[in-house]
Structures are given as structure tokens and as C-alpha cells.
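J.: Here the protein sequences line up with chains D, V, W and L, keeping their order. Just so we're aligned: the first sequence equals residues 418 to 558 in my numbering. Just so we're aligned: the second sequence equals residues 418 to 558 in my numbering. Just so we're aligned: the third sequence equals residues 418 to 558 in my numbering. Just so we're aligned: the fourth sequence equals residues 418 to 558 in my numbering.
You may find that some hints are simply not true.
Which copy is meant is left open, so a pair is good if it fits within one copy or across any two.
Claimed, not checked - No farther apart than 30 Å at their CA atoms in a straight line, the calculated lysine-lysine pairs in the DSSO-like style are these: (1) K464 to K426; (2) K537 to K523; (3) K523 to K426.
Quick caveat, the hints were computed from the structure, so don't treat them as lab data.
Protein chains: 4
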Amino acid sequence: MDTLSEMMKTMPQKPFAARDALVDCIRACSICQQACVACADACMGEKAIDRLKRCIRLNLDCADICVATERVLSRQEAPDLSLLRHQVESLALACRVCADECAHHKDAYAHCKVCMDACKACEQSCNDLLGSAGFAQAGVH
Amino acid sequence: MDTLSEMMKTMPQKPFAARDALVDCIRACSICQQACVACADACMGEKAIDRLKRCIRLNLDCADICVATERVLSRQEAPDLSLLRHQVESLALACRVCADECAHHKDAYAHCKVCMDACKACEQSCNDLLGSAGFAQAGVH
Amino acid sequence: MDTLSEMMKTMPQKPFAARDALVDCIRACSICQQACVACADACMGEKAIDRLKRCIRLNLDCADICVATERVLSRQEAPDLSLLRHQVESLALACRVCADECAHHKDAYAHCKVCMDACKACEQSCNDLLGSAGFAQAGVH
Amino acid sequence: MDTLSEMMKTMPQKPFAARDALVDCIRACSICQQACVACADACMGEKAIDRLKRCIRLNLDCADICVATERVLSRQEAPDLSLLRHQVESLALACRVCADECAHHKDAYAHCKVCMDACKACEQSCNDLLGSAGFAQAGVH
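Bound conformation, chain D alone:
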């Protein structure tokens, strides 16, 4: 078993959502974060950087939102489910706009293709988590 799955099983608190959905989403945040940081940097190395400015900007935004979301999902003590729901929705949106932008460049730049796929996978994991048992019922403040 990998570190993340093992860690989530050994925490004394009951997970606030279905554990598998939680583990998948945390992992997707982590992968997406790195991909976005690296894609922004890779875009900096391309000659056509002028066409990649929006890509860089959305990469950086998505990476920062990934870090915050991964962390709030990693904590099981006394969660505020409405807050978590809102933050996961925010990440799903960040992933969507970043993937849409990367899609424009994916044929020219392989790193944009890799990043697009990571963003799409993360958006899907966010949506799966939002729809999972327990979490789905979280109301709105």
C-alpha cells in the first residue's frame, strides 16, 4: 500500500467523506499541483511565450489552489463540510479553466497535453468527492 493510503487509514479520526474518494482527490491535487508548476515553467522556455501567458497565469493559480485544497482535505479533525465543499468546487473550476487553456496548446506543446490531462483528472476527482456519500449532504452556510 502506498504512503497516502496508509496514512489515511492510520489516522484516529473517521474520514469526513468516503475514504477512497478522499484519497483519490488528495492524490490528484498533488499530481495536478506539480504539473501546473512545471507547465508554467515549461511555457517560460518556449519561443512562443507570448501566446502562453494566459496558460502560465492559470497554471500558477491552479497550482496554488491545489496546495490549499490538498491540505484542507488531508485533515480529518473537526472539519467544516460547507467550507470544504466550497473549496473543492473552487479547485474543480480552477482545473477546468486551466485544462481548457492547455487544450489550445496541447498539439504544439507536449507539456500542455500532460498538464491538461492532470487538470481534467483532478477536476473529475473533485467532482467524485463532492458526490460521495457523506460529503454530498453538506449544506451551504
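Chains V, W and L: place on chain D using the hints.
T.: Below, chains V, W and L without anything else, positioned relative to chain D:
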């Protein structure tokens, strides 16, 4: 003029929202972030730590969401306003739930009072920004 | 091939160190970061929290240093090798002190065992990277 | 009294270094972090972006190292002074290389001048903290 105001004036891009509201919100994120990191740590040093676990948890969540939000607001190049709006709303919510929890402890612990005030100020700055010219019209994806 | 390896292969810049060592270290940072955030939270849920305060503190420090280090290693454009070297050494130290503290609790708490192993693996990856071709020669400012 | 000073006075733990030096350094980290995030973004908006790639890269590195360092300095519970010393030295170095790079562009771009000044101030605050009573004696692991 302070560094933040000066920086925001010297950027070549037109700010995506009213500059004063943007500067105020970025500053509030920064202050709130530090207060939340420190309040979580201060709570760790109190004998009644068992009663402060929810406070610590919400402090840590709010701090992480502050960092992400401060950063996305600091970028003026090619913003996605719907994403920014959603993320600022997420921070406003994080500040509200953290301030509400700190309010339970503010008479016993001065650091919870300081943190509560920082969270309330940050929530207000978020709401002011959300209502400011330009930003207010940002639609929903 | 996984996302991280693929991303690092598609960047236009030549990696500033041996690519395998770089990929391993970035991955180790990411795993260690999540383990530390979760272990701090898991410790919060234990009855003997008073004995775990130093563990929580070092977990949080290590997690923050992991995020920063993972990001600076993910960028290949125009690196300052002396800075990267110093930051990777800082993370190796953070991992060592955190693993040493978790070692005191690993028999009582499985999450401390998981976290200790993640920290040790990350420290090893840092040291491997520091000794890898190209990076090893980076001087000191 | 401002929020940061008040927070650091109300924490139950004795600060691990001279409180004034600690407050100054935490504040400098926070200001420098924002300046670096914004300067990287401002550089993205300049026509001569090709000459600013190293500036952007060092801005992003410095910003990430600022966040980590600000956070570890904000915690007073059970610190590991050798680790803190190493991390503060790492930030001082990040600030120095970033300021040196910004210096090349400060006459052309006012945001590079603002960022250079913020980095220099942060480097100075780091060095003042490293030389302050209590902290100065911290050995090396």
C-alpha cells in the same frame, strides 16, 4: 507609500478590479494568514488544548486558503474572473467559520481575539472586493 | 509513464540535475508533504496530544518546507544552483528532525510510523539529488 | 498595535528569539512574498519578457521560500533552532539572488525596483534575526 501599494501601481497590467479594494484584500489575506498560523500554534501551548482542536483545525484551513487567495489576487495578467470570484468567496467563508470558532475562546485567550478580528477584517475585505466595480459583474461558469 | 515523469521529459529546458534524481526528489517532497500535514492532524486526534506537540510542530514545519522545495525543484528555467542546494539541504534537515521525533511515537501510533518512513525516504532523495551529477558541483554564494 | 505584533505578544509560548527581530522578519517575509509574486506577474506583462525570464524564475522561488519561512517563524511551540536557522539562511540567499537580478532591471521597470527593495529588506531582516540573542547560539546538526 508602502510596498504593496507601490507594487500594485507599477505593474504594467490594468488591475482586474478596483485597485484599492484589491490592495486591501491582498493585505488582509496576508495579515489573516499569519494570525491563523500563529493562533493555531498558540492554541497548542494552552493547557485546555482539548477544547481548542476545532479552532486549530479551522486556523490551519483558513491560513492555507489565505495563501492561495492572496496569490491569485496578486496576479493581474489574463485573470479568469469567475475563478477569482469563487476563490474569494471560499476565503470569505473560511474567515467566517474561523472567526465564529475563535469567538468562543476570545475571552479566555487573547490570541483567539486577535485572530477573530483578523478573520473578520479579511472576510469584510473579501466582500468589499466582490462588490467592487468590474469584479461584481463576473459571471459564473 | 506517470504524470510527473512525463512532465519532466516534455519540458523544453534541460533539467538542472540528473532527471531521475530530480523526479525522485520532487515525488518524495510531495509524498512527505501530505504525510506531514496528515500526521499533524492525526496527532490532534490522539488522547496523548500533550506528548505529541513537538511532533505536530515539526510535521507542520516539514510540510511547509516540502511545498517550497518541491516547487523550486520543479522549475528548470534559469535556476540558481546554490540556492537550490541550500534549500534542498534545509529540507533534508527538516525531514531528519521530523523523522527523529516520529520515531519516539512510532510504536504507539501507526501514523507516526508512516510519517517517519516518508520523512526518511524524502531525506534520502534529497541527499541523492545533492550528490547527483551536475548538482554536486554547485558552489556556495 | 498592529495584528502581527499583538499576536506575537499574546502567544503563551516564550518566543524562541528576540521578539522584535522575529516580528520584523515575519513581516518582511510577508511583504517580500507578495512583491515577488506580483513582480513575476508584472514581468509577464512586459514586452521584453525574454530578458526577464530569470527574474520571473527567481521571483517565484523567493516567493515560495518566503511562505515556508514565514510560517516556521510564526510557530513558537517546540522549535528546532538548527532547522529554523538553516531555513532563514536559505531565505536570505533567495532574497539576495532575486534582488541581484531585479537590480539589472530596476531602471527599466519600477516593479523590479520595488521588488529589489523588498528582497533587500527581507535579507536584512533574516540576517538581523540570525544574529539576535538566543538564536545566534543555535548549533548545527
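J.: It remains to establish, for every hint, whether it holds in the given structure.
T.: How the hints compare with the structure:
1. Taking the shortest Cα distances, K464 and K426 sit within 30 Å of each other only across copies (18 Å), while inside one copy they are farther apart (47 Å).
2. Taking the shortest Cα distances, K537 and K523 sit within 30 Å of each other inside one copy (13 Å), while across copies they are farther apart (37 Å).
3. Proximity of K523 and K426 under a CA criterion of 30 Å is satisfied inter-copy only: 15 Å between copies versus 38 Å inside one chain copy.
No hint from the list above goes unmet by this structure.
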